[in-house]
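Take the sequences, apply the hints, and build the full model.
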Amino acid sequence: MTDPKHMVRFENVQKSYDGETLVVKNLNLDIAQGEFLTMLGPSGSGKTTCLMMLAGFEPATHGEIFLNDRPINNVPPHKRGIGMVFQNYALFPHMTVAENLAFPLQVRGMDKDEQKKRVERALSMVELPQFGNRRPAQLSGGQQQRVAVARALVFDPELVLMDEPLGALDKQLREQMQYEIKHIHENLGVTVVYVTHDQTEALTMSDRVAVFNDGIIQQLSPPDVLYETPQNSFVAQFIGENNKLDGQVVEVTDGLCTVKLDDGTVLKADMVNVGGVGERTTISLRPERVELDPAVDMENMVDGTIEESIYLGDHIRVRMNVAGNTGFIAKVRNRGDRRHLVPGDSAKVGWAASDCKALDPVT
Amino acid sequence: MSDTIQSGPVLAADGTPLKRSLQRALRRQKMRALLLIAPLLAFILITFILPIGDMLFRSVENEIVSETIPETVDRLADWNPDVSALPDENVFNAFYVDMFLAQEKKEHTRLGTRLNYELTGVSSLFRKTGRRVTRFDTDIYAKQFIALDPAWKDPQTWSALFDVSSNRRALPFTTRSWDRWGNYLRGEGKNPGEEDIEDFLFSALHEDLTRLESTDGVDPLIAAATQAVGGFETVSVRDQFLDIDKDWGRQDVWRIIQVYSPPFTTGYFLNSVDLQLGVDGIKTRSEDQRIYIVLFGRTMFMSLMITFSCLLLGYPVAFLLSNLPLRTSNMLMILVLLPFWTSLLVRTSAWKVLLQQQGVINDVLVWLRIVDDANRLILINNQTGTIIAMTHILLPFMILPLYSVMKTIPPSYVRAAKSLGATDWTAFWRVYFPQSVPGIGAGAILVFILSIGYYITPELVGGTTGVFISNRIAYHISSSLNWGLAAALGSILLILVLALYWVYDKIVGIDNVKLG
Ligand SMILES: Nc1ncnc2c1ncn2[C@@H]1O[C@H](COP(=O)(O)OP(=O)(O)O)[C@@H](O)[C@H]1O
Ligand SMILES: [Mg+2]
Numbered sequence: 000m001t002d003p004k005h006m007v008r009f010e011n012v013q014k015s016y017d018g019e020t021l022v023v024k025n026l027n028l029d030i031a032q033g034e035f036l037t038m039l040g041p042s043g044s045g046k047t048t049c050l051m052m053l054a055g056f057e058p059a060t061h062g063e064i065f066l067n068d069r070p071i072n073n074v075p076p077h078k079r080g081i082g083m084v085f086q087n088y089a090l091f092p093h094m095t096v097a098e099n100l101a102f103p104l105q106v107r108g109m110d111k112d113e114q115k116k117r118v119e120r121a122l123s124m125v126e127l128p129q130f131g132n133r134r135p136a137q138l139s140g141g142q143q144q145r146v147a148v149a150r151a152l153v154f155d156p157e158l159v160l161m162d163e164p165l166g167a168l169d170k171q172l173r174e175q176m177q178y179e180i181k182h183i184h185e186n187l188g189v190t191v192v193y194v195t196h197d198q199t200e201a202l203t204m205s206d207r208v209a210v211f212n213d214g215i216i217q218q219l220s221p222p223d224v225l226y227e228t229p230q231n232s233f234v235a236q237f238i239g240e241n242n243k244l245d246g247q248v249v250e251v252t253d254g255l256c257t258v259k260l261d262d263g264t265v266l267k268a269d270m271v272n273v274g275g276v277g278e279r280t281t282i283s284l285r286p287e288r289v290e291l292d293p294a295v296d297m298e299n300m301v302d303g304t305i306e307e308s309i310y311l312g313d314h315i316r317v318r319m320n321v322a323g324n325t326g327f328i329a330k331v332r333n334r335g336d337r338r339h340l341v342p343g344d345s346a347k348v349g350w351a352a353s354d355c356k357a358l359d360p361v362t
Numbered sequence: 000m001s002d003t004i005q006s007g008p009v010l011a012a013d014g015t016p017l018k019r020s021l022q023r024a025l026r027r028q029k030m031r032a033l034l035l036i037a038p039l040l041a042f043i044l045i046t047f048i049l050p051i052g053d054m055l056f057r058s059v060e061n062e063i064v065s066e067t068i069p070e071t072v073d074r075l076a077d078w079n080p081d082v083s084a085l086p087d088e089n090v091f092n093a094f095y096v097d098m099f100l101a102q103e104k105k106e107h108t109r110l111g112t113r114l115n116y117e118l119t120g121v122s123s124l125f126r127k128t129g130r131r132v133t134r135f136d137t138d139i140y141a142k143q144f145i146a147l148d149p150a151w152k153d154p155q156t157w158s159a160l161f162d163v164s165s166n167r168r169a170l171p172f173t174t175r176s177w178d179r180w181g182n183y184l185r186g187e188g189k190n191p192g193e194e195d196i197e198d199f200l201f202s203a204l205h206e207d208l209t210r211l212e213s214t215d216g217v218d219p220l221i222a223a224a225t226q227a228v229g230g231f232e233t234v235s236v237r238d239q240f241l242d243i244d245k246d247w248g249r250q251d252v253w254r255i256i257q258v259y260s261p262p263f264t265t266g267y268f269l270n271s272v273d274l275q276l277g278v279d280g281i282k283t284r285s286e287d288q289r290i291y292i293v294l295f296g297r298t299m300f301m302s303l304m305i306t307f308s309c310l311l312l313g314y315p316v317a318f319l320l321s322n323l324p325l326r327t328s329n330m331l332m333i334l335v336l337l338p339f340w341t342s343l344l345v346r347t348s349a350w351k352v353l354l355q356q357q358g359v360i361n362d363v364l365v366w367l368r369i370v371d372d373a374n375r376l377i378l379i380n381n382q383t384g385t386i387i388a389m390t391h392i393l394l395p396f397m398i399l400p401l402y403s404v405m406k407t408i409p410p411s412y413v414r415a416a417k418s419l420g421a422t423d424w425t426a427f428w429r430v431y432f433p434q435s436v437p438g439i440g441a442g443a444i445l446v447f448i449l450s451i452g453y454y455i456t457p458e459l460v461g462g463t464t465g466v467f468i469s470n471r472i473a474y475h476i477s478s479s480l481n482w483g484l485a486a487a488l489g490s491i492l493l494i495l496v497l498a499l500y501w502v503y504d505k506i507v508g509i510d511n512v513k514l515g
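Heads up: the sequence lines are chains A and B, in that order.
The numbering of the first sequence is numbering that gives the first Met the number 0, which starts it at 0 and goes up by one.
The numbering of the second sequence is numbering that gives the first Met the number 0, which starts it at 0 and goes up by one.
Don't take each hint at face value.
[Said to hold, decoys possible] With the Cβ distance kept under 8 Å, some of the chain A side facing chain B (calculated, not the full set):
(1) Pro58
(2) Pro76
(3) Gly82
(4) His93
(5) Ala97
(6) Pro103
(7) Arg150
(8) Phe154
[Unchecked claim] Far from chain B, by Cβ distances over 10 Å, these chain A residues were calculated:
(9) Gly18
(10) Phe35
(11) Asn72
(12) Gln86
(13) Asn87
(14) Ala89
(15) Lys181
(16) Glu185
(17) Leu219
(18) Arg288
(19) Leu291
(20) Glu298
(21) Gly312
(22) His314
Keep in mind that the hints were calculated from the coordinates and are not lab data.
We treat Cβ as the ideally placed atom computed from N, Cα and C, and that holds for glycine.
Given below as structure tokens:
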């Protein structure tokens, strides 16, 4: 009825393990069919718990979860038909790779020939056609990871859950696997709910990202929106690099506000998540939006002192003292005509008002 | 070109081959390791391995015969029972000397007991003979020698005679007998040169002299006696023995001595499997003596039953413990270990109280009207009692390895299986259970090996039908004192366990055993 069709729906879901603290607080979340949704958040923020409730391994303390508009609170895990990739892969060590892949087909009573065909297809999908007779322990971490993905997909589930599947891999392999999982998702059109604490991973792979903190979804947006317009200070700090400037709102004019920083500097900022005049606020500003010694005047211009500069090839990272904040970072594009950014030199920094967001104060 | 390719061994910086430098570097480590284990190694070697080795050695050792009656064993080797019904006078002469010395040393009863294992009645025959062998009518030789020359009466004469090698060569049997006699006396703190010459020595002397061909180089005293001995009156030693007991005329008595003469014997092992090495080869024992095969079978069967019931009761408990939060499981683990804090004897006695016909369990069953008062269950002094009590006692040994293996199985495996569509049972049976097999293996081996050698509990609650082979071994060690048989039974038990271990290794693989 709804368009696009909802695959999964969390309705006012709460979860407590000990009856004292809520690990998940009033979760409402719709996941569309074919979507790649990532739950991103620091460790302990309740991501795994959400996934476990969806898979059926943990009961929700309150609220209802729907799968294809059917309430599933009382459906046991094996009847939910949800594929799952675990963080440690959970490949059965006493079975070969092929037996692992055939397991979900066997328990569904599929006949032997069909099983064999499917297993072969799944193995070639993850580019491991020769590895059917190996034991999981005889595979490298990356290969085990692929087998785990293949096993979660071999019985054609509509929904696949992945709980930090790449957490144990090294950086290079992780990046490669990110693309492979993304491609598999695009080719098969399955719905994926993906859990990670790695923001790059979330941004690279997802259609939408749900940022978790403290059992609450802080923001649910596509990656670019998440980065460009964070809804609150937590998201701004958790996603990407970020300069924080604390101050007080002194004036509000159609979407923009004037903020007086604690050292007296006055800035104009995009008003995103702040009350009104007199309220405290934290301004968030991406380092790459800062211009060093701009040729033309910008909406916000502040004097600063260079504390340190680090050469990083394509850009130079400059740490400055701006408005009493010694951790102010500016990323300067390496145009070849770079000045010597000598520590101790003073420089002007400037940025557009729309590039800095006035958010809830960080205490 | 700093890294030139060199043929031959890789050299360390100082030019010595790398292998040797490495070995030298590792040697100190090895020495340290050896020093660390040295006290335990010595302790185990001295208090465990050597005694057990000695014990196992006893299962084939049979030197008692050839040590107690060496001359007889020597001469009996030539006796062919098919040619002559009884050994000839020679053998009886030797046996006279041997028996006389044996009864002096009080060794004849031990030998009798040993041979009695193989032929009943020999023990009393030896005891009786020991009492009478000093009173043989062989003094006739002594009288005649002393009449010939009174010097024969003087032990000093004998001492002097047998110090001279030509005399010793001429009278080999007497020399050996004299030496054994002298050794015995000296062991008793006496001087052979002062003790009276016993009749058996004159008897031996007489035999040697009748056989002596040339008197060249021997003492004139001997030469004179050689001349005279042809005219001596003789007495048959064999008749003397037959006088004591006509059993000395039984061929089988002599055959059994002959068969058990060698220093090693398979007799104990044959006995352990209800066979007997008798006068006419190996044959099965009579019906009423066949107990060991049945006992071995019962020991194996009951140990298997105990192992199985431990597994049946212990698996769910271990499963529960390993799935509970650590604090709760630690609490419950204390309950599992509680039996270890009570003495084994107390626990077994408690089972006696519980299981007897007027005991708690029967009372409850009668009260619940499950069994009739007249037909109270017999739960003790039989196999049931042993199995119940031993299952209880050995249960922790099953639970602990199971628990420690199950603890290492991440819950994500079962979850993965369920997410792949397996029901609870399938997930358990196809995924969880195979991974708990190492724990089952470790627990089962532990319980089985412990129970196969268990002793106290079967002894107390087993009655006659519920005892194990180990109770029989204990009986032979402490009551019948047939250590050889006990050793043979023990060795067979050891071999059985090793064989089972081997089979287990073939089927399950010993690498699959985990204790934690
Ligand atoms: N089985 C459990 N029993 C009790 N508390 C748990 C259990 N699993 C998770 N928690 C608690 O719930 C919170 C959220 O955990 P989790 O969902 O695993 O977070 P994340 O996956 O985001 O790291 C944590 O504080 C954790 O300690
Ligand atoms: Mg987690």
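Which earlier hints turn out false for this structure, listed by number in ascending order?
-> Failing hints, ascending: 1, 5, 12, 13, 14.
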